[in-house]
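Novice: Here the protein sequences come in this chain order: A and B. Throughout the first sequence, residue numbering follows this note's numbering, covering 1 to 232 in sequence. Throughout the second sequence, residue numbering follows this note's numbering, covering 1 to 408 in sequence.
Keep in mind that the hints were calculated from the coordinates and are not lab data. Each residue gets a CB set at the ideal place from its N, CA and C atoms; glycine is no exception. Treat the hints loosely; a few may be bogus.
[To be verified] Listed next, the in silico DSSO-like pairs over lysine-lysine satisfying Cα-Cα at most 30 angstroms (straight line):
hint, chain 1, residue 1, chain 2, residue 2
1, B, Lys-215, B, Lys-174
2, B, Lys-106, A, Lys-125
3, B, Lys-184, B, Lys-106
4, A, Lys-127, B, Lys-314
5, A, Lys-16, B, Lys-314
6, B, Lys-106, B, Lys-18
7, A, Lys-76, B, Lys-106
8, A, Lys-9, A, Lys-127
9, B, Lys-184, A, Lys-127
10, B, Lys-4, B, Lys-106
11, B, Lys-4, A, Lys-127
12, A, Lys-124, B, Lys-314
13, A, Lys-87, B, Lys-314
14, A, Lys-88, B, Lys-145
15, A, Lys-219, B, Lys-174
16, B, Lys-106, A, Lys-87
17, A, Lys-125, A, Lys-87
18, B, Lys-360, A, Lys-83
19, B, Lys-184, A, Lys-87
[Said to hold, decoys possible] Derived coverage of chain B by chain A (criterion: at least 3 residues anywhere in the stretch with Cβ under 8 angstroms from a Cβ of chain A; other residues may be distant):
hint, segment
20, 177-189
21, 297-304
22, 311-320
[Claimed, not checked] Distance windows between CB atoms, simulated:
hint, chain 1, residue 1, chain 2, residue 2, range
23, B, Met-295, A, Lys-4, 29 to 39 angstroms
24, A, Lys-76, B, Arg-280, 35 to 45 angstroms
25, A, Asp-77, B, Met-295, 53 to 63 angstroms
26, B, Ile-376, A, Asp-19, 54 to 64 angstroms
27, B, Ile-376, A, Gly-70, 53 to 63 angstroms
The primary structure of each chain is shown beneath.
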Amino acid sequence: MERKIIEVKNAIKIYKSGDEEFRALNYVSLTVYEGEFVAIMGASGSGKSTFMNMLGCLDKPNSGSYFLDGVDVLHKDQNELAKIRSKKMGFVFQGFNLISRTSAIDNVCLPMIYSGIDEPLRIKKAKEALRIVGLSGRENHMPNQISGGQQQRVAIARAIVNDPPLILADEPTGNLDTKTSIEVMNFFVSLNEKMGKTIVLVTHEPDIAEFCKRVVTFKDGNIISDTIKKKR
Amino acid sequence: MDIKSTLKMSLVSLKINKMRSILTSLGVIIGVSSVIIMLAVGEGASQKIAKDMESMGSNLLMIHSAAATSGGVRMGRGTKPTLTLKDAEAIEKECTGVLGVSPTSKETQQLTYGNQNWSTSVTGTNGAYIYIRDWEILYGRNFYKEELKNSSKVAIIGNTVANELFGDVNPVNKTFRIGNVPFKIIGLLKPKGQNGMGQDEDDTVFIPILTAQKKVFGSDFPGTVNMIMVKATSDDVLNDVEQQINEILRRRHRIGTNGLDDFEVRNLAQMQETIKSSARTMSILLGAIASVSLMVGGIGIMNIMLVSVTERTKEIGIRMAIGATTFDIRMQFLIESLLLSLFGGLIGIIIGILGALLIKALTGTSIYITCFSILISIGFSAFIGITFGFYPAWRASLLNPIEALRYE
Ligand SMILES: Nc1ncnc2c1ncn2[C@@H]1O[C@H](COP(=O)(O)OP(=O)(O)OP(=O)(O)O)[C@@H](O)[C@H]1O
Ligand SMILES: [Mg+2]
């Protein structure tokens with residue numbers, strides 16, 4: 001039996017703005033097994049980020065269920081969720097989302113500070129993660145001193161540094177040119193294939209989705225197609 | 001999350017906004033320096049009183065002649081001598097609760113021994129003076145009764161006089177001159193050092209009062225004395241003794257019920273009370289400044305921390321998304337405000353000490369800075385930082401991670 005990393009059933013998310021209600025997720029169900037590399041596609045406003053935030057335990061659906069690695073995360077409190085986030089997943093956000101005026105290495109160290117790793121080991125692991133993403137020698141640069149692609153790679157280093165089984169990436173190539181996008185995607189592929197990470201990645205571009213093994217398409221809060229292109 | 005990493009992170013955020021951090025601490029700086037000065041002044045006053053007690057002796061009443069009026073101009077206290085040796089004897093005989101009475105007259109005289117000479121104040125008095133003023137005799141002895149009665153030419157000298165005239169030689173039994181009159185030294189006093197006013201207590205010579213009146217001081221008013229000192233048996237009877245003295249002297253000086261006293265009784269305890277109360281007034285004033293500025297400082301810290309929480313909403317969102325618990329976030333902001341206020345406290349302590357020294361230099365007020373006052377100040381600033389930092393930290397920790405991440 002394959003291990004289910006993500007198991008979402010009938011998730012509904014309703015946003016209220018004033019009197020109007022908007023259903024951003026409409027009975028969404030998705031199961032992701034260990035070792036999968038899933039692309040989530042869909043038009044702008046189709047609910048991709050809403051879904052990702054739910055997967056990342058940052059937001060809860062109004063109804064439905066969500067088991068993360070067998071744990072019912074919808075019935076956990078904020079502090080338990082913080083622990084789960086720091087152990088089970090790495091997050092690469094839409095946009096770069098590094099902490100400004102904080103060096104690359106300090107940004108990468110943050111998740112380890114919160115998961116309670118001692119300073120010497122922390123620095124060693126952060127350097128290693130930055131080396132993996134090809135940023136050795138840039139450890140002490142501030143976010144505003146490096147390029148967009150490099151910032152995104154710092155964010156990826158930060159996502160993998162705690163060695164989580166699941167990586168969630170919301171449009172990691174959204175602000176990058178084609179060449180850098182391909183570099184970043186090749187990197188995700190090696191994370192998936194060599195390090196066995198389960199990856200769920202949001203993208204607009206079919207070219208980017210080509211790198212993934214499975215493509216899930218959203219439209220108006222529904223999953224309208226789910227294609228497995230390549231076996232795990 | 002460990003404290004060291006939190007501390008480091010907080011220090012980094014504070015350093016990013018250096019000027020703002022310093023300005024924010026200003027309230028605490030002013031508050032803490034006022035606390036330091038307040039306690040230094042208060043402690044200085046009580047130290048001064050303790051020192052006065054030590055040099056003057058305790059439970060003392062001092063009787064002076066009332067100020068004379070000469071052509072409408074009031075002269076200094078004791079200028080119209082109305083007190084006599086007989087008054088002193090009457091007080092000793094009639095008053096209850098009195099340990100000793102000592103009439104004194106003082107004059108500055110030239111002292112000579114061999115080719116050394118020295119000018120100092122010579123006090124004519126009796127044997128009780130030694131214990132009334134809490135002196136001790138280091139070498140030699142006090143006056144004998146006969147010496148007092150027969151106006152013998154004997155003297156007890158202080159340490160400074162001994163050093164100036166005799167150097168290292170023991171002066172007891174040596175003979176020196178006060179003015180032109182030869183005196184035999186019978187006692188050397190144990191040194192007391194400076195008194196509360198900074199005068200050298202040891203620069204003094206005691207001789208029998210009759211000798212002083214008859215042979216040394218060219219008195220215009222024979223038989224009168226400058227002052228009578230009375231030592232009561234205890235603090236409690238001081239007011240009662242003062243009452244008795246008033247009655248005795250009014251009767252002896254034939255002052256009617258409506259007549260003005262021609263003497264004045266001063267209570268050392270009352271004088272000290274005056275010093276204490278003026279120090280208290282100053283302390284209350286400084287205390288008010290301190291509490292207002294600590295309050296304002298605290299509100300300033302709270303304000304800046306709230307601004308900081310808003311400014312860094314996105315940062316807080318990121319931290320939460322990558323595993324910070326609400327406790328971690330709360331700690332980070334609490335430690336930031338604690339650091340702000342402790343920084344203010346530290347600067348405040350330095351400024352307070354400098355300010356206290358300045359006050360001492362400018363006004364001569366006694367100042368005493370204690371370890372306790374520094375600890376209190378550190379405690380105060382930590383308290384302010386935690387109290388006023390709590391609300392912003394709490395606000396930060398309640399942010400919804402999604403909304404925080406969306407914040408621009
Ligand atoms: N906090 C919110 N309040 C109200 N409506 C919201 C909120 N967040 C998202 N929405 C709405 O929900 C819908 C889905 O938003 P979502 O961010 O998931 O889109 P997306 O698929 O990620 O789009 P994009 O590709 O542009 O990032 C949108 O129509 C959006 O307006
Ligand atoms: Mg989106």
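Novice: State for each hint whether it applies.
Specialist: Consistency of the hints with the structure:
1. A threshold of 30 angstroms between alpha carbons decides the hint, and for Lys-215 (chain B) with Lys-174 (chain B) the separation of about 19 angstroms falls inside it, so the pair holds.
2. Note on Lys-106 (chain B) and Lys-125 (chain A): the hinted pairing is violated, with a Cα-Cα distance of about 87 angstroms set against a maximum of 30 angstroms.
3. In summary, the hint linking Lys-184 (chain B) to Lys-106 (chain B) is supported, as the alpha carbons are separated by about 19 angstroms, within the 30 angstroms threshold.
4. Between Lys-127 (chain A) and Lys-314 (chain B), the direct Cα distance comes to roughly 25 angstroms. Compliance with the 30 angstroms bound is thereby established for this hinted pair.
5. Between Lys-16 (chain A) and Lys-314 (chain B) the alpha-carbon distance is near 22 angstroms, which keeps this suggested pair within the 30 angstroms criterion.
6. For the given pair, Lys-106 (chain B) sits about 64 angstroms from Lys-18 (chain B) by alpha-carbon distance, which is inconsistent with the 30 angstroms threshold.
7. Only pairs whose Cα atoms come within 30 angstroms are accepted, and Lys-76 (chain A) paired with Lys-106 (chain B) is rejected, the gap being roughly 90 angstroms.
8. Distance restraint check for Lys-9 (chain A) and Lys-127 (chain A): the Cα-Cα separation of roughly 39 angstroms exceeds the 30 angstroms cut-off, and the hinted pair is therefore not satisfied.
9. Distance check on the hinted pair: Lys-184 (chain B) and Lys-127 (chain A) sit about 92 angstroms apart at the alpha-carbon level, beyond 30 angstroms; violated.
10. With a CA separation close to 69 angstroms, the supplied pair Lys-4 (chain B) and Lys-106 (chain B) exceeds the 30 angstroms bound.
11. For the proposed pair Lys-4 (chain B) and Lys-127 (chain A), the alpha carbon gap of about 20 angstroms is at most 30 angstroms, so the pair holds.
12. For a cut-off of 30 angstroms, the pair hint linking Lys-124 (chain A) to Lys-314 (chain B) stands: about 27 angstroms separates their Cα positions.
13. Under the criterion of a C-alpha separation no larger than 30 angstroms, the hint pairing Lys-87 (chain A) with Lys-314 (chain B) is consistent with the structure, at around 22 angstroms.
14. Restraint check for Lys-88 (chain A) and Lys-145 (chain B): the C-alpha separation of about 101 angstroms exceeds 30 angstroms, so the hint is violated.
15. About 119 angstroms separates the Cα atoms of Lys-219 (chain A) and Lys-174 (chain B), which puts this hinted pair outside 30 angstroms; it is violated.
16. For the suggested pair Lys-106 (chain B) and Lys-87 (chain A), the alpha carbons sit about 90 angstroms apart, so the restraint of at most 30 angstroms is broken.
17. A hinted pair counts as satisfied when its Cα atoms are at most 30 angstroms apart, and Lys-125 (chain A) with Lys-87 (chain A) qualifies at roughly 15 angstroms.
18. Note on Lys-360 (chain B) and Lys-83 (chain A): the hinted pairing is violated, with a Cα-Cα distance of about 58 angstroms set against a maximum of 30 angstroms.
19. At roughly 96 angstroms between alpha-carbon atoms, Lys-184 (chain B) and Lys-87 (chain A) are farther apart than 30 angstroms, so this suggested pair is violated.
20. For the segment 177-189 of chain B, the assignment as covered by chain A is violated, since 0 residues bring a beta-carbon within under 8 angstroms of that chain's beta-carbons and 3 are needed.
21. A count of 0 residues in the segment 297-304 of chain B with a Cβ less than 8 angstroms from any Cβ of chain A is obtained; the coverage claim is therefore unmet, three being the minimum.
22. For the segment 311-320 of chain B, the proposed coverage by chain A is satisfied: 5 residues have a C-beta within less than 8 angstroms of a C-beta in that chain, meeting the threshold of three.
23. Met-295 (chain B) and Lys-4 (chain A) have their C-beta atoms about 58 angstroms apart, which leaves the hinted 29 to 39 angstroms range violated.
24. Taking the beta carbon of each, Lys-76 (chain A) and Arg-280 (chain B) are about 59 angstroms apart, not inside 35 to 45 angstroms as hinted.
25. For the pair Asp-77 (chain A) and Met-295 (chain B), the beta carbons lie near 36 angstroms from each other, so the given range of 53 to 63 angstroms is not met.
26. Range check, Ile-376 (chain B) to Asp-19 (chain A): Cβ separation about 57 angstroms, and the 54 to 64 angstroms hint holds.
27. Evaluation of the 53 to 63 angstroms hint for Ile-376 (chain B) and Gly-70 (chain A) yields a pass: the beta carbon distance comes to about 56 angstroms.
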